[in-house]
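Build the complex from these two chains, which are given one at a time in their own frames, with help from the hints.
Sequences listed follow chains A and B, in order. Sequential numbering of the first sequence, starting at 0, is according to numbering that gives the first Met the number 0. Sequential numbering of the second sequence, starting at 0, is according to numbering that gives the first Met the number 0.
None of these hints come from the bench; they were simulated from the model. Beta carbons are placed, not taken as given, at the ideal position from N, Cα and C, and that holds for glycine. Careful: at least some of the hints might be erroneous.
If you want the ones that stay clear, here's a sample from chain A, every Cβ over 10 Å from chain B, calculated [stated by the list, open to error]: (1) 3; (2) 24; (3) 61; (4) 62; (5) 64; (6) 73; (7) 83; (8) 101; (9) 124; (10) 128; (11) 139; (12) 174; (13) 211; (14) 275; (15) 289; (16) 296.
Looking from chain A toward chain B, a few residues come up when the C-beta cut is under 8 Å (computed) [said to hold, decoys possible]: (17) 32; (18) 80; (19) 102; (20) 110; (21) 162; (22) 163; (23) 204.
The primary structure of each chain is shown beneath.
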Amino acid sequence: MLSYALRRLLGAVPTIFVIITIAFFLMRVAPGGPFDQERTLEPQVMANLQAAFGLDLPLWQQYLRYLGNLATGDLGPSFVYRDFSVQQLLGAGLPISVQLGVSALVLALILGGTLGVIAALRQNSPVDYLVIAVATFGITVPNFVVAPVLSLVFGVWLSVLPAGGWQDFSLAHMALPVITLALPQVAVIARLIRGAMLEALRSDHVRTARAYGLPLTMVVGVHALRAASLPVLSYLGPAAAALLTGSVVVETIFGIPGIGRYFVQGALNRDYTLVMGTVVIVAVFVVIFNLLVDLLYAAVDPRVRYG
Amino acid sequence: MRRTARLTMTALVALALGAAAHAEAATYYRGSSGDPETLDTHKTSTVVEAHILRDLLEGLVINDAKGGIAPGVATSWEVSDDGLTYMFHLRDDAKWSDDSPVTAGDFVYSLRRIMNPETGAKYANILYPIKNAEAINKGDMALDSLGVEAVDDQTLQITLEAPTPYFVELLTHQTSLPVHPPSVEKFGNAFVQPGNFVSNGPYKLVSFTPNDKLVMEKNPSFHDADSVAIDRIEYLPFEERATCLRRFEAGEVHSCQEVPREQLASIKTRLGDQLHVAPFLGTYYYAVNGAHAPFDDVRVRQALSMAVDREFLAEEIFSGSMLPAYSLVPPGVSNYVEDQPELAYAHDSMLDREDEAIRLLGEAGFGPDNPLKLEISYNTAEDHRNTATAIAEMWRPLGVEVTFNQRDLSAHYAMLRDDKSHQIARAGWIGDYADPQNFLFLNQSDNPGFNYGAYDNPEYDELMGKAAMETDLDKRAALLAQAEGLFLRDVPQIPLLYYSSTSLVSPKLKGWEDNVRNVHPTRFMSIDD
Chain A
0 MLSYALRRLL
10 GAVPTIFVII
20 TIAFFLMRVA
30 PGGPFDQERT
40 LEPQVMANLQ
50 AAFGLDLPLW
60 QQYLRYLGNL
70 ATGDLGPSFV
80 YRDFSVQQLL
90 GAGLPISVQL
100 GVSALVLALI
110 LGGTLGVIAA
120 LRQNSPVDYL
130 VIAVATFGIT
140 VPNFVVAPVL
150 SLVFGVWLSV
160 LPAGGWQDFS
170 LAHMALPVIT
180 LALPQVAVIA
190 RLIRGAMLEA
200 LRSDHVRTAR
210 AYGLPLTMVV
220 GVHALRAASL
230 PVLSYLGPAA
240 AALLTGSVVV
250 ETIFGIPGIG
260 RYFVQGALNR
270 DYTLVMGTVV
280 IVAVFVVIFN
290 LLVDLLYAAV
300 DPRVRYG
Chain B
0 MRRTARLTMT
10 ALVALALGAA
20 AHAEAATYYR
30 GSSGDPETLD
40 THKTSTVVEA
50 HILRDLLEGL
60 VINDAKGGIA
70 PGVATSWEVS
80 DDGLTYMFHL
90 RDDAKWSDDS
100 PVTAGDFVYS
110 LRRIMNPETG
120 AKYANILYPI
130 KNAEAINKGD
140 MALDSLGVEA
150 VDDQTLQITL
160 EAPTPYFVEL
170 LTHQTSLPVH
180 PPSVEKFGNA
190 FVQPGNFVSN
200 GPYKLVSFTP
210 NDKLVMEKNP
220 SFHDADSVAI
230 DRIEYLPFEE
240 RATCLRRFEA
250 GEVHSCQEVP
260 REQLASIKTR
270 LGDQLHVAPF
280 LGTYYYAVNG
290 AHAPFDDVRV
300 RQALSMAVDR
310 EFLAEEIFSG
320 SMLPAYSLVP
330 PGVSNYVEDQ
340 PELAYAHDSM
350 LDREDEAIRL
360 LGEAGFGPDN
370 PLKLEISYNT
380 AEDHRNTATA
390 IAEMWRPLGV
400 EVTFNQRDLS
410 AHYAMLRDDK
420 SHQIARAGWI
430 GDYADPQNFL
440 FLNQSDNPGF
450 NYGAYDNPEY
460 DELMGKAAME
470 TDLDKRAALL
480 AQAEGLFLRD
490 VPQIPLLYYS
500 STSLVSPKLK
510 GWEDNVRNVH
520 PTRFMSIDD
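This is chain B alone, in the form it adopts within the complex (with noise of 0.2 Å):
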């Protein structure tokens, strides 16, 4: 008992110096939407890590604030004419947060390490353009045969397989993100403890309790820290986007990561420009299972598409959060053509695309006597199932019946990925960087993993496969089209609609700048109370 008291004491008292030593400091009280599963950039991802890791570290590359590339630990780089080797130039002050230098052989270990099978890396894949990075991480080939070489302590050399021109926009995902190989070595797993873990960025981390919040303060060694005006940063996770909203009118968080949709027209009136919508890199769409008939005639996916009202979904399903979309690739993105491609009907009304699609299933031998029967499968979400239900009615003038499966998160995908038992199913891409690549490799043939509309067209392979051959970024953007065209005309997947960000920002908040990308850096914003 006595124990207990002394305990409380202490912690009160601690409590009391930890609030007067803050009360002077700017802290972000930052809304996010969960918890982060790991700090271990080479395990990472998700957003939610994206956002914090990106305040903790510092790749050779960064976003700025608003969303483009900026130099970061590299300060410049040359691309070789070919377009396979990269050199990068290291600053000389970057420093890690023990105040060791920032060294290219870090970069090389932290490479490494995320290629070693051993780590267990989600998103290993997402670097598989460096020079035998498949390969090692398959298993089949040595750690040191990757294409990543320190030159010098301050140059880095990085070969790839093929020319990438997205591989600069590559690097800002957080997954290039270096680790501090000393404390990795010591720690372990655990060198992402706080008290171990070691940081490069303009933050380093003070504590993590899940469910609680995460907190850092500023990294004095940090070698730009000197513009980083907010001293503590509080990563609180809301599961439940309300709750979040609650708060921020309650004045307890300066931002929210999202908003929850069925109030975004009472959120616009109460808050006004303190909620953001902004376009976002990202696209809803229902996958058509083309190896099932009668989903393999173009005709009835065409038919599906065309009387899909996806004005209507934007409008009253999602408030005005989301976009309609008459493509797979959003808008935004980088390294594509001027005009993008889009559905040939996305201008005509609804009446003449009813009617259209009416005849097209006719064709495909439907109608009132021989109505198509076909299931939407979804994972369970409210939005989800609203706008499941909404589609469900739209087709109802083609004569279509439908019947749903709702399946939880986990269930869903992994039916997706082995089962492809789904006739529709719904689906959805936030992009990793923003080339139209990084859309439209879902639907190669040799992509089951994502394949989701089991679409297989040679000519729509090689296009893409010439696209990742080409150096010259126009003729690359014009194949990249070329081959979007070719998916619009087949429909493996219908696009349905864009996301875009919801987000609160309160108008302490200086310098948050809404970008398709959706990166809020903190060391580019400040707090004025």
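So that you can see chain A by itself, here it is in the shape it has in the complex (with noise of 0.2 Å):
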């Protein structure tokens, strides 16, 4: 099990280079660079500040020299925040993020798990009609649009939650992020629970389990749900990897802190490093969680076996 983790860590490393390397020069791509603004600036202005950040140089030397800095582990200066590194902007935000997504993923897990099961026990009742009606409605409506609705709600009329803004260790300000980043995924994982659940009621394993007469608490909860739960696990994988490096829309609605509007604004400013710096992290992300995803797969699934 270690060993296979280590090959999968090891195997990694060149997707992740293809990546940067494919982001680096896409970046470039775009038009215009970092210093374009509404006001250009004098030509020897422009000169200088490239000169500064290195951007005069070939793009070959660039990129070299942007691998040999990542590989000591400095990402670099970041272009338009020109107080801070982009380790700075990204180490200040990481942790508000991830708060943020963890939060969101064990409430969408708890919630949206217990209302799958729910549905499936109750299939073609009225709960279970319920449960899909929120469910379409979780994944239909964008979350551009429950944000400003849950803060004009909560902040503005009845005034019982903050409007915006973040605080460390308050509840009240995640309250709404949090439940505007599960809801989503509540409705998703509510669905592929209710699906996968259905099937596994009626699989072998679970007929034999009740024929033996164990209650249906233990025939649920263990055997049907352990099934029923892979599903969930490989849509986990890449939602756990996004959620937890933040979200554009969250963050700019609630004035939280995080690190998903740098990928947004880094591309919008051309700040190069930035922008780098965000698809390191999401790489190395979705790598983890895949590797994660797998790993226990073969803890849920006794069919499943690494060496």
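Below is the structure:
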């Protein structure tokens, strides 16, 4: 198992390298640069700036330089947030994104799981239809609608929660963003669990368990749920990576200093190093979560073995 | 795990203590349009930074609550008869937040640093009027040849290349704010980090987290600290104007720097006079690229300009948050003529203007059989798209067929600067200082960076040159007005709208004065809970 995990991690290095290379050159294909703005700079001023950031070098040299720095863990200075390095920006934002992402994920698993199981056990009942309706709603209503509505209702009209902003360790400030993030996940997970559960309930090993006369909670909670959780697991890898690296919409609307915004801001501002930094982080997260999911698979499904 | 728990506890205790300490202090939650890109006064370029730096640092001169010019570190100054030498007398009680005195030497150090090519200062050129500044910034001269000299600790002499009547006005720009030399020497680029940053203004920096907030507290070393009423400011960045509006309505911020335009009417009804709309020093225009046919024909340019219903744009597209513009220089600038020049047809009816436009285009060879085809380029934004669509509709009766080219901001301005492949392009200009020169210089032929209309008129250049050498303010104003007259005759760029500022101001916040520069130093305000 351990050697499998190590092999997978080593195997991911070339993947990440390719991603970085593609991202690096794609970013430069976009017209304009980090210092193009509403107010055009004097040619001399522009030249001074380019030189200060090494942008006057040929592209391949910049690329090698970037790789060299990356190998030592240096993500470079931000071109737009000029008082910060990319590490500082991501280092400050990542814990907050992870905090929100993990909370949303846990909420979604608990809520979505419960709803899915209930719906499956009461297939074609009003409860089932209600869950499906809620799930459809959760998937179709985009978070850029949900977020302002929540903020308006709970922050402005009812004044029970802050309309936005962030304070470390403040549950009140976390509530609305976490709900916004969790909602679509609840929907997806509920649907996945419901579908898989229906199938599992009809499978041979569950029928056998029932035939042995095991109590219903045991049959559902252990034997059926275990099998039914497999599709959710495969979904969770990429979903978790996406959630933990922040959401541009939620961060912008609630004013949260996570890293989700840097991806979009960075791309629009041509903040090359910041974009590269977020690409690296997202790539690493995706690789790690896919690996985790595969390992969990082995733990959950006795048919899967890695050696 | 235990370590995490302990960290959490510490943070909670710190938070509780912090909350207790600030319970009595007046905190101003100030909505900002975004984060500062830097707090280094020599790398700064944005309006957001201007607001923040104005609270942290004090220059030789400052803007008062109404946006006027007032003494800052300098209590008085004299100008030589030839307009070339300025002698500033510094107050003796000006101090940095580490209690060291602010000296003339600090300003010499600062102005040299911004001109040093190695600094990579985006806005260095704004101070090119200082003697040898341009040559130094281009790396052709030594730093110490800059025309800035400390006569003694309290006397600063600045020599200029040419008389510059707006020079004192220029010094209110954030690029002229001083840096604390010992901390720059000690920390290098990191001198702006909280903990390192030493300021000489009414506030000092406490913390800054991008996308979260920038916190400052009253600087007890400031010479006028006794009259500073607000103890603490939290600058909150809002990329989304609607987000600031919601938090304003929830009572979480005291002011917003901008409001969502599309909601202006409903905000007016809901919030009444908490919404402040004031004329602002900026113009929104369409550059017509005269380098290519048929846009080199003044009749084509004038026809396009005439047919634009600016009142419609201002009222319907911008919900009254912009004003119709018939000139490049917005109203409210200093050092200008009483009756500012405007387009000849400013007061004609739209119907007459449309007829005249059709006639002009016909003369230029365009009509129903030979429609004028053109492309409008603009940078991605809801407002710009709506404006372009509306203008295309206004040009339709002239038989003009319009296509659109939308790029994001960086790509749009890179195109305007380098390729210049545009036919008609959206652009805007917010004045750095309230002087007509700051708008008219955009069209000088030796200014390719901004001359998006490719205007090349020796007469215009000559008038601008003469104005630059003229020390008599009235004569200079007349020369500049003459130049604007030429511009309006030739419309290389079609003025469309004047910007206005739209702010939300809570009734709890006292001392906010609307002004054309849209500057609101916190030191002149107070919070009334």
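Now for the hints, and whether the structure bears them out:
no.: 1; hint: 3; in the structure: holds (27 Å)
no.: 2; hint: 24; in the structure: holds (17 Å)
no.: 3; hint: 61; in the structure: holds (17 Å)
no.: 4; hint: 62; in the structure: holds (20 Å)
no.: 5; hint: 64; in the structure: holds (18 Å)
no.: 6; hint: 73; in the structure: holds (15 Å)
no.: 7; hint: 83; in the structure: violated (7 Å)
no.: 8; hint: 101; in the structure: holds (13 Å)
no.: 9; hint: 124; in the structure: holds (40 Å)
no.: 10; hint: 128; in the structure: holds (35 Å)
no.: 11; hint: 139; in the structure: holds (22 Å)
no.: 12; hint: 174; in the structure: holds (14 Å)
no.: 13; hint: 211; in the structure: holds (41 Å)
no.: 14; hint: 275; in the structure: holds (16 Å)
no.: 15; hint: 289; in the structure: holds (27 Å)
no.: 16; hint: 296; in the structure: holds (27 Å)
no.: 17; hint: 32; in the structure: holds (7 Å)
no.: 18; hint: 80; in the structure: holds (6 Å)
no.: 19; hint: 102; in the structure: violated (15 Å)
no.: 20; hint: 110; in the structure: violated (26 Å)
no.: 21; hint: 162; in the structure: holds (4 Å)
no.: 22; hint: 163; in the structure: holds (5 Å)
no.: 23; hint: 204; in the structure: violated (37 Å)
Hint compliance for this structure: hints 7, 19, 20 and 23 are not met, and every other hint is.
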